[in-house]
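Protein sequence lines, in the order shown, are assigned to chains A and B. Heads up, the first sequence is in the working numbering, so the first residue is 1 and it goes up one at a time. Heads up, the second sequence is in the working numbering, so the first residue is 1001 and it goes up one at a time.
Warning: the hint list may mix true and false statements.
To be verified - What follows is a set of in silico ranges between Cβ atoms, one per label pair, in the way DEER data are often shown:
1) A:F288 - B:S1307: 54 to 62 Å
2) A:T219 - B:G1253: 25 to 33 Å
3) A:T219 - B:A1171: 26 to 34 Å
4) A:N263 - B:S1307: 47 to 55 Å
5) B:K1227 - A:L6: 40 to 48 Å
6) A:P259 - B:T1192: 26 to 34 Å
7) A:L6 - B:R1058: 29 to 37 Å
8) A:L160 - B:L1116: 38 to 46 Å
9) B:F1300 - A:L54: 35 to 43 Å
Unchecked claim - Some residues of chain B that are not near chain A, with every Cβ distance over 12 Å (derived):
10) F1039
11) V1189
12) F1337
I should point out that these hints are in silico values taken from the structure, not numbers from a laboratory. No residue lacks a Cβ here, since even glycine has one placed at the ideal position from N, Cα and C.
Chain by chain, the residues run as shown.
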Amino acid sequence: MIPLLLQNAIVFANIVSLMAISATLALSKTNVPNFAVATFGTIGIYISFTCIKLFGIGLYSSLFFCLIFGGIIGVVVYQLIIKPLRRRGATREEIMIATLGLDIFLIALLNIYADYLTRTFKVMARDFTLSAYDFTIVGLNGVFIVSTLFFTATLIFLHLIFTKTNIGIAMKAMGEDQFLAECQGVNTDLLCMVTWFIVGALPAAAGVFFPVNWISNPTISLFIVVSVFASCVLGGFSTIYDAVIGSYIIAMAQVLLVPYLANIVGPWILPYGFLVALLIMILTIIIFPRGLYGLPWNMIGERLQDAFNNMKRRWRFK
Amino acid sequence: MISIPGLEFFMTLIIYIMIFLIITLSYNMAYGYTGIPDFGRAMAAGAGGFLCGYLPGRLMFYMLGFQGDYLENVYLVVDRINVILGENPLLSIALLAITILSGAIAGAALGLLASLPIFRGIRLFYLGVTLLAIQIGFNTIVYHWPSFIRGELGVPVPDPFKWLTYYSSSAISPGILRSIGIIVTSGVVLSTTIFYLVSISRSPLGRVLKAIRDDEISVAALGRDVKGLYVKVMVVSYALTGAAGAIFAFYQGYVVGLHFDRVEWTFWPIAMVILGGLANYKGTVAGTIFFITLKRFIMFYKANLESILPFSPIWIESLLLGAVLILTLIYRPRGLFPERPETSLTRKEIEKMREVKE
């Protein structure tokens, strides 16, 4: 049986992973640092909330709508904001500021929507959880099972796309050098739209799982964004696999380590939980700024092999 | 019924404009001139502001030999401090100067810490992400640290402008006198900021900073210490913002752990600078005056807007901020006043030199 705390940690890791994959894809494929990634997740939370409260659709059935609407929002953001900025040759810093503006704009819209839901439908659209809509099977929470299955399926799907399909290879080429890819006949505009569909859909899907375990409101993204960017920085903002490893390390440290430390030093440490992510991020930047992706894995492997051989030799000698 | 703003509204407007001008001008130095995507500006303002909640009260508490715990009796203690400050103009001015200076030093220290990743050779984009995250962390620590400024409860700040009402006639209201005191204080800091930044922009250093923004590698190839200059700019810029934060805390008279949030103190200054035009002080001044005036009027007419808008007017500022940032970057990336080459000599001086040569 998996302890509840570990289940929650894995659910959080899955949520952060989906968002970190989205942020990494946006940066590595379309050269856009998307600061609104966590707010895309909040949009998912409210799509799911609307499906359940207004249309009576089940919690996990709303996953489909989150994927579709999240993806559409991603494409709309690309067409209305990112594409015009890229067309006029905006720098990465300028695009970064534009996505910050988008983040603020979307948070305001979500707040207006939450007010509207509360006023019109008399539902509590702030500080809510959807835990009542979850199920349990043999001691395992539904959110743990579904989020893990969904995350695994997504990872396999993306892996297959990027390694086995022409569109994935073209995306890789676009990420390396967009102009060169265009010279080879790659339709980069279409690929950017596909990428931004994924960039919008994944965090929105993660938004279905978040309110099952944690209290949600329109500004919750302000806290999640630190974990997401810490994961991306730890991963190295390069590949989806590094983003996933980074996310799991951050989420485990945040959900498992902080309660453990609270037992030792006292409960005062609990409000600072998300600072663990921040601390890991700062240490990453100071010690290995290129993240896990930039580490010399071959050399590390050789060193580990040497150390293992030495240990084996000593053991034989004894 | 639409009410017309009175004298107090315009005094408040002037104070806000002056305080935010210090912030936006110093931000323009970091982003406009040097190209540092600094998303941690609220942290610098907070360094000065929160220190204002921590330092002057405690300083006076120990100087005057009060007994007991400062935070437990903070209202009573600050009331008694205010009575003493009201009778001592010199002590008040000294306390004001020490606090603003300490706020600037705290801001500079944070600027140094925030720019440490630069020494590791990280990309500027990473620095932006890091500063945004560090700023959120900084606010969380202050908010949850009860022994600093009592977190969400906050603390009152001693009033170093009390003596103005003590020595003045009753013809002018105490509120107006206090506002005049704040305007004079922020005027001194703003004048220093403008003088310093304009001098830099007209000096060879200003041109080096612009060159770093445009092509960092070329500047390094010419033997300039690019990383060192980044750090110096961050330190000076954060110090000025820290001073502005301290003045704002004195103006508010109360500091809470929720103050100095990222939207108000980071994103609005960014929007002001971008709308006005980068590396351009005229534009920054125009952007700041425009946005602050707009924000104050929205706040003043909030009740009237409530009946017109289909949503609560508290969200209009965020909608406006997001829309302005996006639209300016798409349609007018160089701002209202595009950057122009700044000459170190005036036109008259150049003409004079030409005449001499001829």
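(request) Could you tell me which of the hints above the structure violates, numbers in ascending order? (result) 3, 6, 7 and 10
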